[in-house]
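Colleague: Listed here are the chains, written in short residue letters.
Number of protein chains: 2
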Amino acid sequence: MTTEPAEGLVEADTRPATSKARLRLWLRLLKATKHVEAELRERLRVDFDTTLPRFDVMAALYRAEAGLKMSELSGVLRVSNGNVTGIVDRLVNDGLIVRVPVDNDRRATTVRLTQAGREEFARMAERHESWVNELLSDVPLAEIASVAAALDRVAKHRSERETHADGE
Amino acid sequence: MTTEPAEGLVEADTRPATSKARLRLWLRLLKATKHVEAELRERLRVDFDTTLPRFDVMAALYRAEAGLKMSELSGVLRVSNGNVTGIVDRLVNDGLIVRVPVDNDRRATTVRLTQAGREEFARMAERHESWVNELLSDVPLAEIASVAAALDRVAKHRSERETHADGE
Numbered sequence: 001m002t003t004e005p006a007e008g009l010v011e012a013d014t015r016p017a018t019s020k021a022r023l024r025l026w027l028r029l030l031k032a033t034k035h036v037e038a039e040l041r042e043r044l045r046v047d048f049d050t051t052l053p054r055f056d057v058m059a060a061l062y063r064a065e066a067g068l069k070m071s072e073l074s075g076v077l078r079v080s081n082g083n084v085t086g087i088v089d090r091l092v093n094d095g096l097i098v099r100v101p102v103d104n105d106r107r108a109t110t111v112r113l114t115q116a117g118r119e120e121f122a123r124m125a126e127r128h129e130s131w132v133n134e135l136l137s138d139v140p141l142a143e144i145a146s147v148a149a150a151l152d153r154v155a156k157h158r159s160e161r162e163t164h165a166d167g168e
Numbered sequence: 001m002t003t004e005p006a007e008g009l010v011e012a013d014t015r016p017a018t019s020k021a022r023l024r025l026w027l028r029l030l031k032a033t034k035h036v037e038a039e040l041r042e043r044l045r046v047d048f049d050t051t052l053p054r055f056d057v058m059a060a061l062y063r064a065e066a067g068l069k070m071s072e073l074s075g076v077l078r079v080s081n082g083n084v085t086g087i088v089d090r091l092v093n094d095g096l097i098v099r100v101p102v103d104n105d106r107r108a109t110t111v112r113l114t115q116a117g118r119e120e121f122a123r124m125a126e127r128h129e130s131w132v133n134e135l136l137s138d139v140p141l142a143e144i145a146s147v148a149a150a151l152d153r154v155a156k157h158r159s160e161r162e163t164h165a166d167g168e
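Protein chains in written order, with the numbering used here: chain P, 1 to 168; chain L, 1 to 168.
Treat the hints loosely; a few may be bogus.
Any copy, or any two copies together, can satisfy a pair, since identical chains are not distinguished.
What the hints assert, rightly or not - Here are the simulated EDC-like cross-link-like pairs (lysine to aspartate or glutamate), alpha carbons at most 16 Å apart as the crow flies:
hint, residue 1, residue 2
1, Lys20, Glu134
2, Lys20, Glu143
3, Lys69, Asp105
Think of the hints as simulated: they come from the structure by calculation, not from any bench.
Full structure from sequences and hints, please.
Modeller: This is the structure in structure tokens:
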């Protein structure tokens with residue numbers, strides 16, 4: 001789907017320019033993401049006395065009404081670098097989530113939002129969406145689709161190392 | 001420069017669609033960034049036995065040949081969440097950077113790369129660039145400029161809270 005030549009076919013003297021352009025794009029991607037993330041982190045702290053990992057846990061549980069296993073929550077949190085056990089403990093203490101034993105597995109526990117937790121998250125999510133809308137307001141709507149498509153290609157790019165794991 | 005109406009003028013029934021589109025864009029931005037960051041982190045570990053914060057410190061020092069104060073390095077590392085003192089200590093132990101006293105300030109110290117540090121970083125930077133080129137290879141070159149411009153707008157967007165700090 002790309003109009004570019006395959007890796008090995010790139011001419012030696014065009015490669016550096018291409019590669020520098022992609023490096024600059026990556027640095028901008030990183031900068032934009034860190035900027036928005038820092039803003040969201042700060043606003044969650046000031047307005048809701050909460051953290052991004054805590055918000056992410058509640059978001060995952062809001063979507064999974066039946067609850068999630070701790071291992072599933074860890075997958076969510078790998079992204080935001082939080083300590084899932086500590087976060088769950090505090091959310092339980094705050095009455096926002098409950099631990100539910102799993103019938104057929106004595107060691108497994110599911111956690112899910114309480115009614116208070118669902119209501120609190122709905123309030124946070126509404127504000128979070130309005131913050132994102134403001135922080136990204138300088139991206140014209142007309143451009144969103146093409147930028148999003150480019151980002152999807154980045155996120156879905158399978159590493160050549162994974163693809164050719166038997167190489168080298 | 002945007003063709004969109006100002007915040008308060010958005011019609012009530014178009015607002016949610018706009019806002020949802022920007023929220024989805026943000027989630028994709030986050031996903032793409034985390035994907036690339038995780039790949040880079042893993043490759044730096046495997047190929048150079050190093051970390052992203054350590055790479056970021058060396059990158060900042062590579063650009064600042066005269067060296068940087070610890071406080072300036074902390075600014076760099078705020079982004080990658082590292083512990084600047086610990087990282088600097090290990091880089092000094094590895095002979096990659098040196099601490100240099102500042103003439104007119106007994107308490108201040110500057111750190112800069114050693115020759116070995118410059119050579120090591122040059123090797124890492126070359127690989128890092130080729131990794132980024134590969135990970136972003138599905139973004140056609142023709143699209144890079146417009147995506148980069150959109151990202152710059154996001155990174156440069158000044159928060160309304162900052163702009164109207166006296167509001168509410």
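Colleague: Check each numbered hint against the structure and report the violated ones by number, ascending.
Modeller: Nothing - there is no hint that the structure violates, so all of them hold.
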